[in-house]
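Undergrad: So you can see what is in the structure, the chains are spelled out below.
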Amino acid sequence: MKNHNFLPLTLFALLVLSMTISVVNAEIIDDDTPVPPVGALGGPDRELNPDELEQWIRGRKIFDRDWDQSEGLGTPDINADSCRSCHQKPVIGAAGGLDVNVTRFGFDNGGAGPFQDLPGGQVASKGRRPDTPGREDADPQADIFEQRQTPSVLGLGLIDTIPDVEILSHEDPNDVDGDGCRGVARIIDIAGVPEVGKFGWKSQIPTLSDFLRDASTGEVGLTLVDDGRGFGLLTDSDTVPDPEFPADEFADMLFYCAHLAYPPRGGNPDPQVAVGEVLFDDVGCGICHIPILEGTGGPVPLYSDLLLHNIHPADFRGVGEDGAAVGFYRTPPLWGIRDTAPYLHDGRATTIEDAILAHEGEASIMMQNFYALTPEERAALLLFLSDL
Amino acid sequence: MNIRISVPLMLALFLGSIFCLSGSLQARDFERGDVNEDGSLDIADAIEMLNHMFLGEVAYCQDSMDVNDDGILDISDAIVTVSYLFLGGDAPEAPFGFCGPDLTEDKLTCESYSLCNLGDAIPGLDRDTFESFVRGRVLMSKDFTAEEGLGPFYNATSCTACHSTPVVGGSSPIYRNFFFAAVGAPGSQGPIWDPPVPSIVMPAYALPGNPRPAFPDPSQVGNNPVTIVQRNAPPQLGVGLFERISNATIFANADPDDADGDGISGRFNTDGNGNLGRFGYKSQANFLEAFLRGASNNQMGITTDPFLGSGGIVSAAMLQVSAGFDLPTTDDDLIDDPEISVQDFGDIVIFSMFVAPPPKGEMGADELAGETLFHQMDCAKCHVPVLESDLGPVEAYTDLLLHDMGPGLADGISMGMPQFSTISLGTTATEFRTQPLWGVGLHGPWIHDGRADTMHDAILMHGGEAQASRDAYEALTPAQQQTVIRFLEAL
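Protein sequence lines correspond, in order, to chains A and B.
Going by this note's numbering, the first sequence opens with residue 1, and the numbers climb by one from there.
Going by this note's numbering, the second sequence opens with residue 1, and the numbers climb by one from there.
This is chain A alone, in the form it adopts within the complex (with noise of 0.2 Å):
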C-alpha cells in the first residue's frame, strides 16, 4: 500500500487522530523505538555524546517501565505502575489527564480554616497492590479535596538550572510595585540548609532529582537509597527488599528527566500570534508568566516566575502548607500548554480560555485588562498562547 500520496495523507490522518487517540495505558518504549530529534517535543536537549545517548535511551525504558509486583510496586498504595502512566500527554514524559489526577485532602472546617493534615494522612491514593485489602480512603474527617494534575517533565532538567537568586530577585511579598501581584519564593529546609522550591504545585521541591524520587515513592511505592534530602521513601510496607529502585537505574531515569528538550514552540506563522504575544506583556500577563529565567546555561523561556501566588477568590478552598497557604500555587510554567489540556492545578479548566478566566486574586488587575480587549485581541493572545 504505497503511493506517492503516502505521506501527505498519513500525516493529514495523524493530525485528524491525533485529536482523538489520547492514551496509551501500557509500555510503549521498546529497543526500535526512535529517538525524537534534539529539540523536538519529548526529544533530549542537545547532542549527546554516544555514552550519554545511551543512558537517555536507556533512562527512557525505565521511565516507561511497568513496575511489577515482585519488583516492588506500591507502598502498597499507588497512583500509578510506571512514570508513563501519567505523564504520556502528547509524549513520553509530557502530562496527564484527569483520570490520573492525585487526590489531596484535608480539614479546613467547612472552609471557615485554617486548614490542617488528619492524622489520616494527605493523599488518598487511586489505587493498591491487588494483594493487599481495601484501598486508601481519605480520613473521614476530610473535608476538603484537592486533585493534583501531572505536570510536565519536559524541560524540567532546564528548569533545575535557575540558580536561587534568580528566583528570589522576582520576589515581591508587599507588592512595593503595586501591580497587584506579590510572589513568594517557597524556602524549604534541607538538612538544615534552605533552598529554593522549584517543582511541584505549590513549588514544595527543590531540585529535578528530589521530585523524581517524591514521585517514585509517591505515585509508584518505590523505595530508593537514601541522598540525605528527605524526598520519597527508605521503606516501605509491602514485603519486596529496599531499595526497590536501584541506584544507577534511577540515576539513568533522572539524565533522561534531565536532557528531556523542554516544549518547543508550535511555529504557527499567523501574523497574529506576534500581536498576541505583545498583549501577553500589555494585559500582564508577563509579570508572573515571566517569559525567561536566566539559568546557569542559559536563558529557559518557561514563562514563570516560579514563585507562590493566590489567584483564587477569597472563599477559594484547597489544601494548605507551611510556606504555602491555601490558595498559592506556583506559577505553572507556560511551556508546551497547547498541549497540555485540562489546566490549572485540578485540571478544571477545560480551556486555556476558561483557565484565563479562573484567574482572580493577585491577577485581578490583568483580569481586568483581559476583559477590556476587543474579541479580536483575545482571539489573538489565545492565538499566541495556543502557540506556546
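In short, the hints are calculated from the structure, not lab data.
Careful: at least some of the hints might be erroneous.
[What the hints assert, rightly or not] FRET-style restraints, in silico, Cβ to Cβ:
no.: 1; chain 1: B; residue 1: GLN220; chain 2: A; residue 2: GLY228; range: 48 to 54 Å
no.: 2; chain 1: A; residue 1: ASP177; chain 2: B; residue 2: GLY222; range: 42 to 48 Å
no.: 3; chain 1: B; residue 1: GLY406; chain 2: A; residue 2: PRO34; range: 43 to 49 Å
no.: 4; chain 1: B; residue 1: GLY222; chain 2: A; residue 2: VAL193; range: 51 to 57 Å
no.: 5; chain 1: A; residue 1: GLU249; chain 2: B; residue 2: LYS360; range: 32 to 38 Å
no.: 6; chain 1: A; residue 1: PRO37; chain 2: B; residue 2: GLY406; range: 51 to 57 Å
no.: 7; chain 1: B; residue 1: ALA214; chain 2: A; residue 2: THR296; range: 46 to 52 Å
no.: 8; chain 1: A; residue 1: PRO34; chain 2: B; residue 2: VAL386; range: 40 to 46 Å
no.: 9; chain 1: B; residue 1: GLY222; chain 2: A; residue 2: VAL176; range: 45 to 51 Å
no.: 10; chain 1: A; residue 1: ARG265; chain 2: B; residue 2: ALA365; range: 55 to 61 Å
no.: 11; chain 1: A; residue 1: GLU376; chain 2: B; residue 2: GLN343; range: 35 to 41 Å
no.: 12; chain 1: A; residue 1: LEU357; chain 2: B; residue 2: GLY406; range: 52 to 58 Å
no.: 13; chain 1: A; residue 1: LEU357; chain 2: B; residue 2: ASP336; range: 49 to 55 Å
Note that the structure is predicted; figures quoted are calculated from it, not measured.
Glycine is no exception: its CB is placed at the ideal position from the N, C-alpha and C atoms.
Chain A is already provided as a structure; the job is to place chain B on it using the hints.
TA: Quick look at chain B alone, frame taken from chain A:
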C-alpha cells in the same frame, strides 16, 4: 483544502502518533490470497475474489486479493490461485503463508485484516457495519470533558484508558484497576445501584473542585458488611462472539452438581433479567450493549439511552451490574442525559461486537508440546478450546461457566440474580467465570485483580476445582512449564 502545519507541529504529531497508534495507521500486514482470513488458501478464497470483482461484494483488504501482486484486481488473480491450487502453478507472491506488508507500490488498500493485525474487524462485515466499527474504534479513545458529561464521578475519561493494552479494545496494567464494593454478607450482597443497599463501582474521582465521593454511601450501608475488591479491565478483543454462542452450547458443558465426579462443576450465572451470563469476571452480564452502557456510566459518568428505546419503568433491582437493558442511565451532573448519542455509542458497541479475537501465533514444537501438557493436565476441562457459534467456531478456551477457584482467589463477592432463575443461585464468593485464554499473553497482569505478574504465577494461583491441574503444572520440569507458557502465548 489548504492545511498549514508547521514543521515542529508536524514532527510532534508524527512522533506522538507513532507512540500512540502503533499498528492502526501503518500499512497493514496481510497474507496474499487468504481473502477470507481463515489461515489457508483454498477455492473459497478464489470465489470471494470473484464475488468482489464481479458482484461487488465488499472486502476490506484488496492487497490480499492481488495474488499476482500486479497492483490490479482482475480475473488473473483468481486464475493464479486456481492454477496454484490444482495445476501446480506458481505460488502467490509474498507475503504468502505468513503475515507481512506489501512491498511493492500500488494503489490498492488494506483497511482491515484481522488475521494479521490485532484489533481489526472480523471478516465479512457489510460496509455500513464496517464504517461504524471504524468510527467506534476512534470513539473508544475519545477523552470526555466535564462539559461533555464526564462525571460527576469517574475512574476514567475514555474507554481506552482501561482498554488499550496492546491495542484499542485490550486490557490495562494494575494502575487502571478499579475498586468494587459489595454491600451485605457474601451470598446476599445487594446488586449494583439497587437502593437502599447498593453494591457499587467505587469512583476514584469527582470532578475537580468537588469532594472525593464516599461510595458506597455510609448512610446507606448502615451495619452491613462491605467487601472491597479490585478488578483489572477485561480485554474486549473477540468478546462479541460470546453473544453468538447459543445457550444450549454453554449448557452442554455445565455440570452444576459434578454428576460426572471429576471434581469440576461448571455452573452458570444469569444477569438481572434471568438471561444466561457471558460477560464479566462472574459471568454476570448477558448483553453486550447493556454491559458497555453500564461501564460507560460506572467508569466515566457518561449516560446513554438504550438503542431500542426505553421499555418503561424497570424495577431498580433489575439494574444488576450494568444498565438495565431497556433503561436509560442518568446522573447528577449539569449535562443533559444522554451524554453520548445513540449513534456514537452504537459505533462503540459495534466495535466491541465485531472486533476480532487475537490471531493465533505460530505453533512450533514447543507450543505443541505445551498444548499436549495443557490437555494432559485437564486445563481444557474448563478452558474448553472451542465453542460453536453462528459465526463459526469460537476458539476462546473458556466454557463461560463458573468454577470454584478456592480460598486463595476467593474475593467474597456474589453476583447474579437467583430470584430470576430456578437453577442458578448466582455466584458464590469463590467462583469465577473461566477466563478466556485467547490473546492471554498480550495483556498482563493476570487474574481478576491483576495480582499475578506472570502467567506462571497465575497458573500457580489456581485452586479449588483447578487444584489438581495446578499441582500437575507445578510438578512439571521448568522446561515443560515453559512449553505450556509458550503454548498460552501462542493463543
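Undergrad: Against which earlier hints does the structure fall short, listed by number upward?
TA: Structure breaks hints 2, 9 and 13.
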